[in-house]
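Peer 1: The task is simple: from the sequences and hints, build the whole structure.
Sequence order for the protein chains is S and F. In terms of the working numbering, the first sequence is residues 691 to 1015. In terms of the working numbering, the second sequence is residues -17 to 230.
Keep in mind that the hints are not guaranteed to be accurate.
As a list, the in silico DSS-like pairs of lysine-lysine whose alpha-carbon atoms are at most 27 Å apart [to be verified]: (1) K144/F - K947/S; (2) K947/S - K178/F; (3) K178/F - K800/S; (4) K1008/S - K988/S; (5) K1004/S - K73/F; (6) K73/F - K988/S; (7) K228/F - K14/F; (8) K835/S - K159/F; (9) K822/S - K133/F; (10) K854/S - K228/F; (11) K159/F - K884/S; (12) K829/S - K178/F; (13) K829/S - K133/F; (14) K6/F - K829/S; (15) K980/S - K202/F; (16) K1008/S - K159/F; (17) K14/F - K905/S; (18) K973/S - K228/F; (19) K988/S - K178/F; (20) K133/F - K6/F.
Cβ pair distances, simulated, as ranges [claimed, not checked]: (21) G12/F - S776/S: 35 to 41 Å; (22) D865/S - E163/F: 48 to 54 Å; (23) G37/F - I859/S: 54 to 60 Å; (24) I205/F - E886/S: 46 to 52 Å; (25) S201/F - D865/S: 45 to 51 Å; (26) E756/S - T128/F: 26 to 32 Å; (27) A(-4)/F - N911/S: 31 to 37 Å; (28) I205/F - K864/S: 46 to 52 Å; (29) Q11/F - T855/S: 22 to 28 Å; (30) E756/S - K87/F: 30 to 36 Å; (31) G887/S - G12/F: 47 to 53 Å.
No lab work stands behind these hints, which were simulated from the structure alone. C-beta atoms are modelled at their ideal positions from N, C-alpha and C, and glycine is treated no differently.
Chain by chain, the residues:
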Amino acid sequence: MNKILVFLEGQNNLLKRTSCEAISAARSLATAAGIPYVGIIINGNKEQVKYAGEYGMANVINAKHELMDTYSSTAAASILHQVIKSENADVILFAGNAKGMELAPRVAAKLEAGYMSDCVGLEILDGNIIAKKPVYAGKAQITAKVNSDCKVFSLRPNVFTATKTGEAITMTTKDYAPNLSEDDKKAFVSALMKNEGRMDVLEADIIVSGGRGIKGAENYNLIESLASAFGAAVGASRAVVDAGWRPHSEQVGQTGKTVSPNLYVACGISGAVQHLAGMSTSKIIVAINKDKDAPIFKVCDYGVVGDLFTVVPKLAEKVKHLTGK
Amino acid sequence: MNIMVCISRVPDTATRILVGPDGKTIDTQGIKYVISPYDEYGIEEGLRLKEKNGGTVTAVTVGAEASTDILRTALAMCVDKAVLIKADIQKDSFFVAKNLAEYAKEVNPDIIFMGRQSVDYDSLQMPSMLAEFLGMPSVSVVSKLTIADGKATAERDIEGGKEIVEASLPCIISCQKGLNEPRYPKLPDIMKAKSKPIEMREPVQTDEKVTVLGMSIPSKQRIGRILSDSDGDIDELVRLLHEESKII
Ligand SMILES: Cc1cc2nc3c(=O)[nH]c(=O)nc-3n(C[C@@H](O)[C@@H](O)[C@H](O)COP(=O)(O)OP(=O)(O)OC[C@H]3O[C@@H](n4cnc5c(N)ncnc54)[C@H](O)[C@@H]3O)c2cc1C
Ligand SMILES: Cc1cc2nc3c(=O)[nH]c(=O)nc-3n(C[C@H](O)[C@H](O)[C@H](O)COP(=O)(O)OP(=O)(O)OC[C@H]3O[C@@H](n4cnc5c(N)ncnc54)[C@H](O)[C@@H]3O)c2cc1C
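Peer 2: Shown next, in the form of structure tokens:
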């Protein structure tokens, strides 16, 4: 192995947290393998590049091109390919978010490289990277190695810890001018719609989800007030989404979103395998259910057996008292 | 329009998963196999596009002989043609993508529908890989789609919102829940599908890019502490989250 390259995404004047997680993962791999690690950002700014330094990344390549003023996956793949070649990098890391999951396999295909997606563990063993990845909706896990010279990985969000080094480092930033033409832009983002005022389950440290036990859309304010006491995002089971009580963007599970927050609170959710598929890697799971035999209690850290209509407001009040939110 | 749909054969999502004797793949005994649920959205979208614009829908899978069962289901949903690219010992996804690419290069589809993910290895990689091999654009995890004037306008969920992506045809769309409601095959069509031909093709071989070393059933140790709904216990829960787990 020669050099690790990390794909970085800016967010205002910082980097996305998932990018910082990827830098931290690269740092430990680089240390173990004794190789350098660098970052690539597209149309980044100074502050974003500097922020990478706080996580120990001393070298960042800033690829600039006006065709990337609106994002294009096909053009981004072309830029990455050029940078990988010019840097002679052979281990490529992506955050496994919406953009990374679409882009990483395209880059891998350009390089004719092996790719492991959605990794939850990466370590060096006998000079090779051994990756761990959940399969079958998290019901099993594989360990695997990539055989090609170039190796591409994406990392499940919120699994690798983003840690600042606390040391000042000297940064080297290289501006890079990629070769792009209109033909590289066969797909591009033409509009963005933000979920105003609502926190997304994919970005939240804490998620409070409701299930069929909530009985109707009109009772969802209970879930919302517990969520706001925690400073959490609101999630839902499929039963709730199918009933039309909540939008699909909030659904957690096999046909919804896969999340691994620090805390997942399941209220009136039975714990069907397809729901567990989306949240079983959460750090702490709390379940509130009136049925003491509900399967969710078998996979939780803390379970409260009781009626959610009394437990949830009580819990909300006590949490609010503590957090002041 | 020449429409291609790629489908994957997976264990029914409610299946209990056990590690097989080789320690690297699952124990396949007694498993019921189905079309990966997201691929049904792909079949449905292909059929609707054909119903609107005319053309043919071809379902393709890379797999062993046993995979003819999912092709029969696709035929029962009324796709025009079914193709099995034979792979007896199924290889990694790179092999599957290369073989799908070989076939696509021969038939030149205007659009290829795939699932968001195959609910076995859950990699969400095939659509982007195949697209790159074919020099096509692709849009992943699409929940709304319009095809007009030689381009696809696709909506997809991203962190904190949605984005609209425009892609020129030919292109690949990976389908997410919400795109449509897949039809159920009708009994007469199920009967007819039984005698329809399935085209069999030999695969091209590729290097093994990824080697699975082992499979295990994850056993994250959960604390598993069960509390009652009494005031005292709820105070205790808050204390545990605050002092033990240090989350709040
Ligand atoms: C690391 C790794 C190791 C593997 N090892 C084995 C193994 O040892 N034995 C084994 O049997 N399988 C194995 N597979 C499964 C692989 O060969 C594919 O058949 C599998 O269905 C695709 O997995 P994926 O997660 O990459 O698909 P995804 O990228 O999640 O699939 C997305 C979409 O691609 C299309 N698609 C996927 N697979 C096929 C297919 N076979 N034919 C047509 N279209 C398809 C579907 O539209 C699907 O919705 C492995 C997969 C991976 C990632
Ligand atoms: C292919 C496929 C994909 C799927 N994908 C998903 C997915 O992505 N996400 C998902 O969530 N599901 C998914 N499902 C559906 C899944 O199988 C379950 O049907 C669903 O998760 C059930 O939702 P629920 O737990 O809210 O409802 P239920 O299973 O009905 O559970 C309701 C729970 O609430 C409890 N309850 C009732 N009243 C109260 C009360 N007053 N106080 C406390 N507790 C109470 C009950 O004891 C019960 O345990 C999928 C299914 C299939 C087949």
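Peer 1: Hint by hint, note whether the structure agrees.
Peer 2: Hints and how they fare:
1. K144/F - K947/S: holds (14 Å)
2. K947/S - K178/F: violated (38 Å)
3. K178/F - K800/S: violated (38 Å)
4. K1008/S - K988/S: holds (25 Å)
5. K1004/S - K73/F: Outside the cut-off at roughly 53 Å; violated.
6. K73/F - K988/S: violated (35 Å)
7. K228/F - K14/F: violated (43 Å)
8. K835/S - K159/F: violated (32 Å)
9. K822/S - K133/F: violated (38 Å)
10. K854/S - K228/F: Status holds; Cα separation ~20 Å.
11. K159/F - K884/S: At roughly 20 Å apart (the allowed maximum being 27 Å), K884/S and K159/F satisfy the hint.
12. K829/S - K178/F: Between K829/S and K178/F the Cα gap is close to 36 Å, so the pair fails against 27 Å, i.e. violated.
13. K829/S - K133/F: Since the Cα atoms of K829/S and K133/F sit roughly 39 Å apart, the hinted pair is violated (cutoff 27 Å).
14. K6/F - K829/S: It holds: about 14 Å lies between the C-alpha atoms, which stays within 27 Å.
15. K980/S - K202/F: holds (24 Å)
16. K1008/S - K159/F: Violated, at about 37 Å.
17. K14/F - K905/S: The given pair, whose Cα atoms are some 33 Å apart, is violated under the 27 Å limit.
18. K973/S - K228/F: Status holds; Cα separation ~11 Å.
19. K988/S - K178/F: Roughly 47 Å separates the two Cα atoms, so the pair is violated.
20. K133/F - K6/F: violated (42 Å)
21. G12/F - S776/S: 35 to 41 Å: violated (53 Å)
22. D865/S - E163/F: 48 to 54 Å: At 49 Å between Cβs, range holds.
23. G37/F - I859/S: 54 to 60 Å: holds (58 Å)
24. I205/F - E886/S: 46 to 52 Å: violated (37 Å)
25. S201/F - D865/S: 45 to 51 Å: Given a distance of about 48 Å, which is inside 45 to 51 Å, the answer is holds.
26. E756/S - T128/F: 26 to 32 Å: Distance hint for E756/S, T128/F holds at roughly 28 Å.
27. A(-4)/F - N911/S: 31 to 37 Å: Taking Cβ atoms as reference, A(-4)/F and N911/S lie about 33 Å apart, which means the hint holds.
28. I205/F - K864/S: 46 to 52 Å: Since the Cβ atoms of I205/F and K864/S sit about 48 Å apart, the hinted range of 46 to 52 Å holds.
29. Q11/F - T855/S: 22 to 28 Å: violated (50 Å)
30. E756/S - K87/F: 30 to 36 Å: The hint (30 to 36 Å, Cβ to Cβ) holds, given that E756/S and K87/F are roughly 33 Å apart.
31. G887/S - G12/F: 47 to 53 Å: holds (49 Å)
Hint violations for this structure: numbers 2, 3, 5, 6, 7, 8, 9, 12, 13, 16, 17, 19, 20, 21, 24, 29, all remaining hints satisfied.
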